[in-house]
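Please take these sequences and the hints and turn them into a complete structure.
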Amino acid sequence: SQTIHQWPATLVQPVGSPLSLECTVEGTSNPNLYWYRQAAGRGLQLLFYSVGIGQISSEVPQNLSASRPQDRQFILSSKKLLLSDSGFYLCAWTEGGGSQETQYFGPGTRLLVL
Amino acid sequence: GESVGLHLPTLSVQEGDNSIINCAYSNSASDYFIWYKQESGKGPQFIIDIRSNMDKRQGQRVTVLLNKTVKHLSLQIAATQPGDSAVYFCAENLNSGYALNFGKGTSLLVTP
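Those sequence lines, one after another, are chains B and L. Residue 1 is where the first sequence starts when you use the working numbering, and the numbers rise one by one after that. Residue 115 is where the second sequence starts when you use the working numbering, and the numbers rise one by one after that.
These are calculated hints, taken from the structure and not from any lab test. For each residue, glycine too, the CB sits at the ideal point set by N, CA and C. Do not rely on the hints blindly, as some may be mistaken.
[What the hints assert, rightly or not] Label pairs and their in silico Cβ distance ranges:
#1 L:Thr183 to B:Pro8: 43 to 53 Å
#2 B:Gly54 to L:Asp131: 42 to 52 Å
#3 B:Leu11 to L:Thr225: 46 to 56 Å
#4 B:Val12 to L:Arg165: 36 to 46 Å
#5 B:Ser29 to L:Gly130: 39 to 49 Å
#6 B:Ser17 to L:Pro123: 28 to 38 Å
#7 L:Leu208 to B:Ile53: 24 to 34 Å
#8 L:Ser126 to B:Gln70: 39 to 49 Å
#9 B:Ser67 to L:Gly130: 45 to 55 Å
[To be verified] Below 20 Å or equal to it, Euclidean Cα-Cα: the simulated EDC-like pairs (lysine to aspartate or glutamate) are:
#10 L:Lys170 to L:Asp145
#11 L:Lys170 to L:Glu153
#12 L:Lys218 to L:Asp163
#13 L:Lys182 to L:Asp145
#14 L:Lys218 to L:Glu129
#15 L:Lys156 to B:Glu22
#16 L:Lys218 to B:Glu26
#17 L:Lys156 to B:Glu26
#18 L:Lys185 to L:Asp163
#19 L:Lys170 to B:Glu101
#20 L:Lys156 to B:Glu59
#21 L:Lys170 to L:Glu129
#22 L:Lys182 to L:Asp163
#23 B:Lys79 to B:Glu22
#24 L:Lys185 to L:Asp145
[Unchecked claim] So the derived list for chain B, only partly shown, Cβ under 8 Å to chain L, looks like this:
#25 Trp7
#26 Thr102
#27 Gln103
#28 Phe105
If you want it as structure tokens, here you go:
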């Protein structure tokens, strides 16, 4: 069966520090991968998605970037964190090859920027 | 326009009653819809989905109804249990893209 992992689970970082959040998927090949951010009491905002290694699409302009160095690995990064980057970051995957598939979410990383 | 603020709509039901959570979607071109359940501090969990060529789909204790005429989606939970307490999100997929557009969520509180 497929599983999706995210780490760390919780992170407290000072403003201006770098960020690296990691997401890995097991049990599937060539998945589509997604990064979302969820502010407290809000819905999910799509940040990036990837349909293959090295292929990244950005949905909103921001202080963050994403990379996909391996088929089942998706990384969310920042060179300098802002206070507004605080939130709950969720990684999701779908079967590759189509867009109308259910997205399955990881456990999330809670980021607090101070 | 979109609502702002940190207070989700809340639905409070008694254990054993049926729950109905509603969602209005915006784009008539959306053709795939999903309901997710999110417990505090966890990622959203898939509950049930429906494609636009259907108007009803049933799962275990859950039913999703789709009314394309008024762009309305609902989730019915039968015999609601305390473990059903969570925030429920509907999501729509536009047939031209990879993104899911999520609603704001509804908080379901099940009381004994």
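Hints, verified against the model:
1. For the pair threonine 183 of chain L and proline 8 of chain B, the beta carbons lie near 46 Å from each other, so the given range of 43 to 53 Å is met.
2. At about 51 Å, the beta-carbon gap between glycine 54 of chain B and aspartate 131 of chain L stays in the expected band of 42 to 52 Å.
3. One distance hint, 46 to 56 Å for the beta-carbon pair leucine 11 of chain B and threonine 225 of chain L, is violated here, with the actual separation near 35 Å.
4. Between valine 12 of chain B and arginine 165 of chain L the C-beta distance comes to about 42 Å, which sits within the given range of 36 to 46 Å.
5. Against the hinted window of 39 to 49 Å, the Cβ-Cβ separation of serine 29 of chain B and glycine 130 of chain L comes to about 44 Å, which satisfies the hint.
6. Between serine 17 of chain B and proline 123 of chain L the beta carbons are some 36 Å apart, a value that agrees with the proposed interval 28 to 38 Å.
7. Checked against the hint of 24 to 34 Å, the C-beta distance between leucine 208 of chain L and isoleucine 53 of chain B comes to roughly 25 Å, which is consistent with it.
8. The hinted window of 39 to 49 Å between serine 126 of chain L and glutamine 70 of chain B holds, with their beta carbons roughly 46 Å apart.
9. Taking 45 to 55 Å as the suggested C-beta distance range, the pair serine 67 of chain B and glycine 130 of chain L conforms, at roughly 49 Å.
10. In summary, the hint linking lysine 170 of chain L to aspartate 145 of chain L is supported, as the alpha carbons are separated by about 14 Å, within the 20 Å threshold.
11. For a cut-off of 20 Å, the pair hint linking lysine 170 of chain L to glutamate 153 of chain L is broken: about 25 Å separates their Cα positions.
12. A hinted pair counts as satisfied when its Cα atoms are at most 20 Å apart, and lysine 218 of chain L with aspartate 163 of chain L qualifies at roughly 18 Å.
13. Distance restraint check for lysine 182 of chain L and aspartate 145 of chain L: the Cα-Cα separation of roughly 9 Å lies within the 20 Å cut-off, and the hinted pair is therefore satisfied.
14. Taking the CA atoms of lysine 218 of chain L and glutamate 129 of chain L, the gap is near 24 Å; set against the 20 Å cutoff, the hint is violated.
15. Taken as a hint, the lysine 156 of chain L and glutamate 22 of chain B pair is honoured in the structure, with Cα atoms around 16 Å apart against an allowance of 20 Å.
16. Only pairs whose Cα atoms come within 20 Å are accepted, and lysine 218 of chain L paired with glutamate 26 of chain B is rejected, the gap being roughly 30 Å.
17. Using a Cα cut-off of 20 Å, the hinted pair lysine 156 of chain L and glutamate 26 of chain B holds, with the two alpha carbons roughly 19 Å apart.
18. Restraint check: the Cα-Cα separation between lysine 185 of chain L and aspartate 163 of chain L comes to about 15 Å, which is no more than 20 Å; the hinted pair holds.
19. About 18 Å separates the Cα atoms of lysine 170 of chain L and glutamate 101 of chain B, which keeps this hinted pair within 20 Å; it holds.
20. Distance hint between lysine 156 of chain L and glutamate 59 of chain B is unfulfilled; the C-alpha atoms sit about 23 Å from each other, more than 20 Å.
21. Proximity of lysine 170 of chain L to glutamate 129 of chain L is assessed by CA-CA distance (about 24 Å); at most 20 Å being required, the pair is judged violated.
22. Between lysine 182 of chain L and aspartate 163 of chain L the alpha-carbon distance is near 15 Å, which keeps this suggested pair within the 20 Å criterion.
23. Of the pairs offered as hints, the one joining lysine 79 of chain B and glutamate 22 of chain B holds, with about 15 Å between alpha carbons and a cut-off of 20 Å not exceeded.
24. Simply put, lysine 185 of chain L and aspartate 145 of chain L have alpha-carbon atoms about 11 Å apart, close enough for the 20 Å limit, and the pair holds.
25. Hint status for tryptophan 7 of chain B: violated, given a least beta-carbon distance of 13 Å to chain L, over 8 Å.
26. Against a cut-off of 8 Å between C-beta atoms, the interface hint on threonine 102 of chain B holds, since the closest Cβ of chain L lies about 5 Å away.
27. Contact between glutamine 103 of chain B and chain L, as hinted, is supported at the beta carbon level, the nearest pair being about 6 Å apart and thus within 8 Å.
28. The restraint placing phenylalanine 105 of chain B at the interface with chain L holds, with a minimum CB-CB distance near 4 Å, inside the 8 Å limit.
Comparing the model with each earlier hint shows violations of hints 3, 11, 14, 16, 20, 21 and 25; every other hint is respected.
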